[in-house]
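Asks: Sequence:
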Amino acid sequence: MFKLAAFAALVGSAAAFAPAQSGRAATSLAVNELEIGTTAPLGVYDPLGWLDTEPEAFERRRAVERKHGRVAMAAVVGSIIHHN
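For what it's worth, our numbering labels the leading residue of the sequence shown as 1, then goes sequentially.
Please note that the accuracy of each hint is not assured.
To be verified - Each pair of labels, with its calculated beta carbon distance range: (1) Gly12 / Ala63: 44 to 54 Å; (2) Asp52 / Met73: 26 to 36 Å; (3) Val76 / Thr53: 50 to 60 Å; (4) Leu48 / Ala72: 17 to 27 Å.
What the hints contain is simulated information worked out from the structure, not anything from laboratory work.
We put the beta carbon where it would ideally sit given N, CA and C, even for glycine.
Can you build the whole structure from these sequences, using the hints too?
Replies: The structure is reproduced here in structure tokens:
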């Protein structure tokens with residue numbers, strides 16, 4: 001009886017660490033590049049109208065803004081590490 005209880009406990013504990021069996025979920029998003037960063041009622045925030053007049057320059061400015069944001073985040077982390 002003790003062996004049966006020990007075996008049941010062993011099997012139960014091993015099943016707790018097994019990965020869950022589930023169906024594959026799709027991870028691709030159907031989003032337009034221009035829709036990223038938009039707000040629902042307002043759309044793309046473009047107060048100077050560059051998207052309508054210069055769409056290529058608008059995309060470049062958006063990419064440069066992302067780069068500068070990443071550099072700023074790295075600078076904040078470096079400042080925090082430096083001062084601690």
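Asks: Are the hints correct? Go through all of them and say.
Replies: We went through each hint and held it up to the structure:
Between Gly12 and Ala63 the Cβ separation comes to about 53 Å, which falls inside the hinted range of 44 to 54 Å. Between Asp52 and Met73 the C-beta distance comes to about 31 Å, which sits within the given range of 26 to 36 Å. Roughly 34 Å separates the CB atoms of Val76 and Thr53, a value that falls outside the hinted 50 to 60 Å. A C-beta distance of roughly 22 Å is found between Leu48 and Ala72, which places it inside the suggested range of 17 to 27 Å.
Hint 3 from the earlier list is the only one contradicted by this structure; the remaining hints agree with it.
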